[in-house]
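*Asks:* What the sequence shown shows, in my numbering, is residues 34 to 658, in sequence order.
Think of the hints as simulated: they come from the structure by calculation, not from any bench. Each hint should be verified, as a subset may be incorrect.
Said to hold, decoys possible - With beta-carbon atoms standing in for the labels, derived distance ranges:
| # | residue 1 | residue 2 | range |
| --- | --- | --- | --- |
| 1 | Tyr296 | Asp92 | 51 to 57 angstroms |
| 2 | Asn432 | Pro562 | 36 to 42 angstroms |
| 3 | Glu524 | Ser169 | 55 to 61 angstroms |
| 4 | Lys234 | Glu524 | 48 to 54 angstroms |
| 5 | Glu602 | Leu451 | 42 to 48 angstroms |
| 6 | Gly231 | Gln382 | 33 to 39 angstroms |
| 7 | Pro61 | Gly82 | 49 to 55 angstroms |
| 8 | Thr430 | Gln382 | 28 to 34 angstroms |
| 9 | Phe160 | Gly219 | 50 to 56 angstroms |
| 10 | Glu381 | Leu451 | 17 to 23 angstroms |
Keep in mind that this is a model prediction, so the values were computed, not measured. For every residue, glycine included, the Cβ atom is placed at its ideal position computed from N, Cα and C.
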Amino acid sequence: MKKKLLRIILTAVLLTGAWLVEHYAALPMWQVLLVYFVPYLVISYDVLGEAVEGIMEGDPFDENFLMSLATIGALLIGFLPGAEPQFIEGVFVMLFFQVGELFEHYAEEKARDSISELMDIRPDVAFVDRNGNVESVSPEEVNIGEMLIVKPGEKIPLDGTVLEGTSSLNTVALTGESMPRDVTTGMEVISGCVNLSGVLKVRVDKPFSESTAAKIIKLVEDAGENKSRGESFIRRFARVYTPIVVISALALAVIPPFFYDSYAPAFGVWLYRALTFLVVSCPCALVISIPLTFFAGIGGASHKGVLIKGGNYMDALAKLSTVVFDKTGTLTRGTFDVEAVHPEVLSEQELLHLAAHVERFSTHPIALALRTAYADEKDNCTVENIQETAGQGITATINGRTVSVGNDRLMATLGITLPVCKRCVSHTGTTVHVAVNGEYAGHVVISDHLKADAASAVERLKHLGVSKTVMLTGDKREVAEQIAEQTKVTEYHAELLPADKVSHVERLIAEKKSDGAVAFVGDGINDAPVLARADVGIAMGALGSDAAIEAADVVLMDDKPSKIALAIELSRRTIFIAKENAWFAIGIKVAVLLLATFGLASMGLAVFADVGVMVLAVLNAMRAR
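Using the sequences and the hints given, assemble the complete structure.
*Replies:* Following this line, the structure appears as C-alpha cells:
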C-alpha cells in the first residue's frame, strides 16, 4: 500500500507538470503525448502488465483490460481528424482507478484486522519444563505429554490438562465474552486463552496442529472458499458481462459514424463516447465490494464468538424458517446432578456404587453425575466386559456381578418390567435404571437445568421470523415436556435414538417453504449426523470441542443459545449491505452508461461512475465488520 500511495503522489506531481508543459511550451502533439506518457507509465505499468498477462492466458476480459483499452484510446484519440486531445483524461482515469484500488486494499486490510486479531490467539512461544529446565520453544515443537509453564499474562499455547495451579482465563478472543473462566488442577484448558492470575503447569494433550487455536484460525481462513450465492453470481456475471461491454463499445465507436456525412470526424466523437462507455462499465464495484462485504461480515462475527464457515452459510442463516434444538447441552446446561436415589433391593449407597462403576469410562454428562455422587468410585472393584448399547445404556461385570445401567429401553431388552415408583411423582428428571444379574435393583433420578437465556433465545428467534422451533431429545417425555413448556418451543419429540433425530430433521426439511432453511443446533459431539443433514448445522458450546468445529457449518464458541439469533442478525445485515452495494453500483452505472451513449457524460463523470462508486461501495462494505 505504501508503494502504491507513493506512485499515486508521484503521478499527481508528474501530471501537474505535464499539464503545465502542454499549456506553456507549445509542443507538437506527439511530443505532448510523450510528456503525458511518463506519468501514465508510472501509474499504469502493473495494470498494463495484468492486461497483457490476461491476453496471453486467453482470458483478457477483466477490469485491467477495460482500463488499459480505455486509457490508451484516450491518449491516442487526439490524433484522429476532428477529435480533441484527451491526454490528461487518459492519465486521470488510470490515476483514479489506482486510488480506488488503494481504497480497496485499505478496506481489505481493515477487514483482515478482524482475522489478524483472531490470529493473536495463536501463541508465538511455549515454555516447556524439560528435565528441570524451562525452555522457550515454538508451540509446533512441543510433544504430547510434555509440561508447560504458563505465567500470568501469557497465552495458553496448546490444549492440555492443568497438573498444578489455580487461575482465571480470559476467553474473550475465542468466545467474545469478557467473563473470566476459573480453572484448577485436573481441568482442561485450551490454546488461545490468556492466563490472568496464577502460574499454571499444564500437561500437553494435543499437538499444535490439532489444538483449538489452530483449528479456529484455519476455519476462518478457509471461510472464503465457501462463496455465497451473491458472490458466485457476481463472478459468473463479470465473465459474461465484460466481453459484452467490449463488443458494445466497439459497436458504439464504429457503427454510428456511418450515418454522418463524413465518417472520420464522427468516428472521433463516437470513439470518445465508446471509451467513456468502457470506463463506466468496468464492474469493479460489484466484483470487489460484494466478496469484501462477506469477508468483513465473517471476520466481524468471529469476534463475537460466532464462526461462520462461508458466505453460503450466511445465505442460509438469513432465511432460517425452522430451528431444531437438541436438549442436553443446548437448551439445558448439560451439567447433571443426582436428585434422588430409589433402591428396590439394595441400599442407596450400593446402588450408586454399582451405577458409578459401570459408567466409569463413559464421557456422558449423566455418567459424570453418577461418578460425582459416589465419592469412592475409584475403589478396588474390578470392572470388566463393558458393553455399550447406543441409545440405551451400558452393561458391565462388577466383581463378578452383571450390572446394567440405562433407560427404559435397556430394561425392556433385558425382559424387565419396571415397577411403578410413587416417589418419582415429586421428581422431574432423567431416570437411570439399574439391574443386577437380570433383576431390577432400583433407579437414580438425575436432573439437568435450563440455561439462563434459553427461553429468551427462543423468543428472539420468533421475533426474527423463525416460524417453527423444535426440540429433539432422547430423554423421557415428562422431562421433555417440562423443558418445552419453559422455553415455549413450537413442538418437541422425546425418547429418540440418534437415527430418529435425523428422520425428524429430514421431515422438517421436506415440509419447509422453498425460500426457507432448517438449522439443527447441537453439541457437535454426538449429533454429527444431524448437523450434517440440516441446511445449517450449528454447534453449541463448542469451546474446545474438536468434533463441533469439524462437523458444523456455524460454530458458537460459548454455550449461549442467544448467539443463534445474533448469527442470524449478523448474516442478514451482511447480506443487506451486499445488496445495497449491488443496487447502488448497477443503478449509477446504468444511468451514466445511457448518458455516455448520447454524449452527455464526460470522462470525469465516467471516472466517478467507476472509481467513485467502487470507493463508496467498499467503504459501505466495511460496515459489515
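*Asks:* Evaluate each hint against the coordinates.
*Replies:* Evaluation of the provided hints:
1. Checking the proposed 51 to 57 angstroms range against Tyr296 and Asp92 shows it is violated: the Cβ atoms sit about 34 angstroms from each other.
2. Range check, Asn432 to Pro562: Cβ separation about 37 angstroms, and the 36 to 42 angstroms hint holds.
3. At about 56 angstroms, the CB distance of Glu524 to Ser169 agrees with the hint of 55 to 61 angstroms.
4. Range check, Lys234 to Glu524: Cβ separation about 49 angstroms, and the 48 to 54 angstroms hint holds.
5. Between Glu602 and Leu451 the C-beta distance comes to about 47 angstroms, which sits within the given range of 42 to 48 angstroms.
6. One distance hint, 33 to 39 angstroms for the beta-carbon pair Gly231 and Gln382, holds here, with the actual separation near 37 angstroms.
7. In this structure the supplied range 49 to 55 angstroms is violated for Pro61 paired with Gly82, their Cβ-Cβ distance being about 30 angstroms.
8. Between Thr430 and Gln382 the C-beta distance comes to about 20 angstroms, which lies outside the given range of 28 to 34 angstroms.
9. For Phe160 and Gly219, the Cβ-Cβ distance of about 21 angstroms falls outside the hinted range of 50 to 56 angstroms, so the restraint is violated.
10. Between Glu381 and Leu451 the beta carbon distance is about 19 angstroms. The supplied range of 17 to 23 angstroms therefore holds.
In summary, the structure is inconsistent with hints 1, 7, 8, 9 from the numbered list given earlier, while agreeing with the others.
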